[in-house]
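*Asks:* Given next are the chains, with one letter for each unit.
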Amino acid sequence: MSTPYLGDFEMLVALAVARLAPDAYGVSIQREITARTPRSVTLGAVYATLVRLEDKRLLAASDSAPTGERGGRSRRVYTLTAAGKKAIARSHDAVRRMMDGLETALGHA
Amino acid sequence: MREPAPLTRGDARLLAAVTWLVPAPYGDAIAGDLAETWAAGESDAHASDAIDAVGQCWGALGARVVTRHRAPLAVGAVFGACTHLGAWALWRAILAHVPLRADHPPHLAWMLGTSIVAAAIAALGWQLGSAMRARTAPPESLA
Numbered sequence: 001m002s003t004p005y006l007g008d009f010e011m012l013v014a015l016a017v018a019r020l021a022p023d024a025y026g027v028s029i030q031r032e033i034t035a036r037t038p039r040s041v042t043l044g045a046v047y048a049t050l051v052r053l054e055d056k057r058l059l060a061a062s063d064s065a066p067t068g069e070r071g072g073r074s075r076r077v078y079t080l081t082a083a084g085k086k087a088i089a090r091s092h093d094a095v096r097r098m099m100d101g102l103e104t105a106l107g108h109a
Numbered sequence: 110m111r112e113p114a115p116l117t118r119g120d121a122r123l124l125a126a127v128t129w130l131v132p133a134p135y136g137d138a139i140a141g142d143l144a145e146t147w148a149a150g151e152s153d154a155h156a157s158d159a160i161d162a163v164g165q166c167w168g169a170l171g172a173r174v175v176t177r178h179r180a181p182l183a184v185g186a187v188f189g190a191c192t193h194l195g196a197w198a199l200w201r202a203i204l205a206h207v208p209l210r211a212d213h214p215p216h217l218a219w220m221l222g223t224s225i226v227a228a229a230i231a232a233l234g235w236q237l238g239s240a241m242r243a244r245t246a247p248p249e250s251l252a
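Chains as they are written, first to last, in this note's numbering: chain L, 1 to 109; chain E, 110 to 252.
Isolated chain E (complex conformation) (with noise of 0.2 Å):
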């Protein structure tokens, strides 16, 4: 293990970021893990690890909520919109604060790929509404 560094300020502003976009009450802990690690110069993918950090969350609170409350209308629109604005979010703080590192350039494809199956899983989840209304809808003779 390295000697623990000074978090620059761009990490700060990273962490702040962790800190609103992952589900409560667990942002404020994940953020100092990611805070002492970075101190630890055990990882230098500063920006990966939050955004996995964040996206592991995201989706473990989407499955607890699918299983739990058993709400698989309203979640896929929900859950996707979520995720969507929270990777939107964070890249933005990204691209707005942190110095990248060259050799761990962000994982643009993984942003792509989220943005692409959360817009899929918010339309899945508004058709399937919008089919079981039309299903179990009166016949308009009777409404």
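Here chain L stands alone, though its shape is the one from the complex (with noise of 0.2 Å):
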């Protein structure tokens, strides 16, 4: 199977996955999306977005002890796969191939 390309909300997730290595679960996921953007996210939407990456076999989890801190339940741990690190390097090349000379026409001189 060819590696796929990530949406753009899917690329997010993937590189907060990336840096939060090893502790990257959906509460530290959605705090390190809406810390470096400017986009509010929804717990909701992070999970979606994570079980399809899974799916896609771009992720792996795993789940963690349960902590008195969240009410007795586990975290699901996420990690990126080989698979999704070249995915991740597949679409910011493309992104990137799609930039090249347009910096003057968007104002990014």
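Simulated from the structure, these hints should not be mistaken for laboratory data. Hints may contain errors.
What the hints assert, rightly or not - Looking from chain L toward chain E, a few residues come up when the C-beta cut is under 7 Å (computed):
no., residue
1, 28
2, 47
3, 65
4, 76
5, 97
6, 98
What the hints assert, rightly or not - Here are some, though not all, of the chain E residues that point toward chain L, as calculated from beta-carbon distances under 8 Å:
no., residue
7, 116
8, 121
9, 135
10, 137
11, 138
12, 140
13, 141
14, 142
15, 143
16, 144
17, 145
18, 165
All values reported here derive from a predicted model rather than from experimental measurement. Positions of the beta carbon are idealized from the N, C-alpha and C atoms, including for glycine.
Hey, can you piece these two chains together into the complex? The hints should help.
*Replies:* In structure tokens, the structure reads:
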């Protein structure tokens, strides 16, 4: 199967997982995206995207031990797979190629 | 970030509802994440957060079933019924147990909208199924 391209929000979630490893889970991913981008992100949207990326085998998940802070519930922690890293690079490369030569036109000189 | 606060009994009951309503195996993790943000004081809109998480996850599950299993006839009815039932159960749990803040009322419009859309999807699923069965049935003279 060829490496898939990532959508806009999928890319943000995958990059957040890469930044937060090995402590990437729903809340920490939501905080990272909110802190680094002007986007308002809901937990439900983050989890829906995590499930989709896991289905595509771009992320791997494991459950941590339950903690009292979380009402006795465990964390579902995510890491990038080799295919996930390749998908990030491929998607970024595609955007970079499309941006080539447009710096002036788009006002990013 | 504010100091973490202990979860109230209402919070715990709402989290239990989320755990039950979100498709496995994510319910427990999502309920834990909501508990963590509430305890840290990052969100005052508890009921809205929970409803949103449940709705998003069921939406994602429905899309996954349609694309992976290619079952458009049955899926409309099943997904519509599940969404409706889930939203109704969560709504009941919120009304019964959670002290709601006056400036964050539950999204009644969201609930009504979801119910109407769910009913429409279910009806469409049944209509399509009936139409397909009628088209593929043998003529009466051959039956």
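*Asks:* Give a verdict on every hint.
*Replies:* Verification of the supplied hints:
For residue 28 of chain L, the suggested interface contact is broken, since its CB lies about 9 Å from the closest CB of chain E, more than 7 Å. With its C-beta approaching chain E no nearer than about 6 Å, residue 47 of chain L sits inside the 7 Å limit, and its interface hint holds. Given hint, residue 65 of chain L at the interface with chain E, is violated; its Cβ is 11 Å from that chain's nearest Cβ, farther than 7 Å. The interface hint given for residue 76 of chain L is met, as the beta carbon of that residue sits about 4 Å from the closest beta carbon of chain E, less than 7 Å.
With 7 Å as the threshold, the beta carbon of residue 97 of chain L stays out of range of chain E, its nearest partner Cβ sitting at about 28 Å, so the hint is violated. Because the smallest distance between the Cβ of residue 98 of chain L and any Cβ of chain E comes to about 26 Å, over 7 Å, the interface hint for this residue is violated. With 8 Å as the threshold, the beta carbon of residue 116 of chain E comes within range of chain L, its nearest partner Cβ sitting at about 6 Å, so the hint holds. For residue 121 of chain E, the shortest C-beta to C-beta distance to chain L is roughly 6 Å, which falls under 8 Å, so the interface hint holds.
For the restraint placing residue 135 of chain E at the interface with chain L, the shortest Cβ-Cβ distance is roughly 6 Å, inside the 8 Å limit, so the hint holds. Given hint, residue 137 of chain E at the interface with chain L, holds; its Cβ is 5 Å from that chain's nearest Cβ, closer than 8 Å. The beta carbon of residue 138 of chain E comes within 4 Å of a beta carbon in chain L, closer than 8 Å, and the hint placing it at the interface holds. At about 6 Å, the closest approach between the beta carbon of residue 140 of chain E and any beta carbon in chain L falls short of 8 Å, and the interface hint on this residue holds.
With a cut of 8 Å, the hint placing residue 141 of chain E at the interface with chain L holds, because the nearest CB-to-CB distance is about 3 Å. Checking residue 142 of chain E against chain L: minimum C-beta separation of about 4 Å stays under 8 Å; hint holds. The interface hint given for residue 143 of chain E holds, since its Cβ lies 7 Å from the closest Cβ of chain L, which is under the 8 Å cut-off. A least Cβ separation of about 4 Å between residue 144 of chain E and chain L falls short of the 8 Å threshold, and the interface hint therefore holds.
Because the beta carbon of residue 145 of chain E sits about 5 Å from the nearest beta carbon in chain L, less than 8 Å, this interface hint is met. About 3 Å separates the beta-carbon of residue 165 of chain E from the nearest beta-carbon of chain L, less than 8 Å, and the hint is met.
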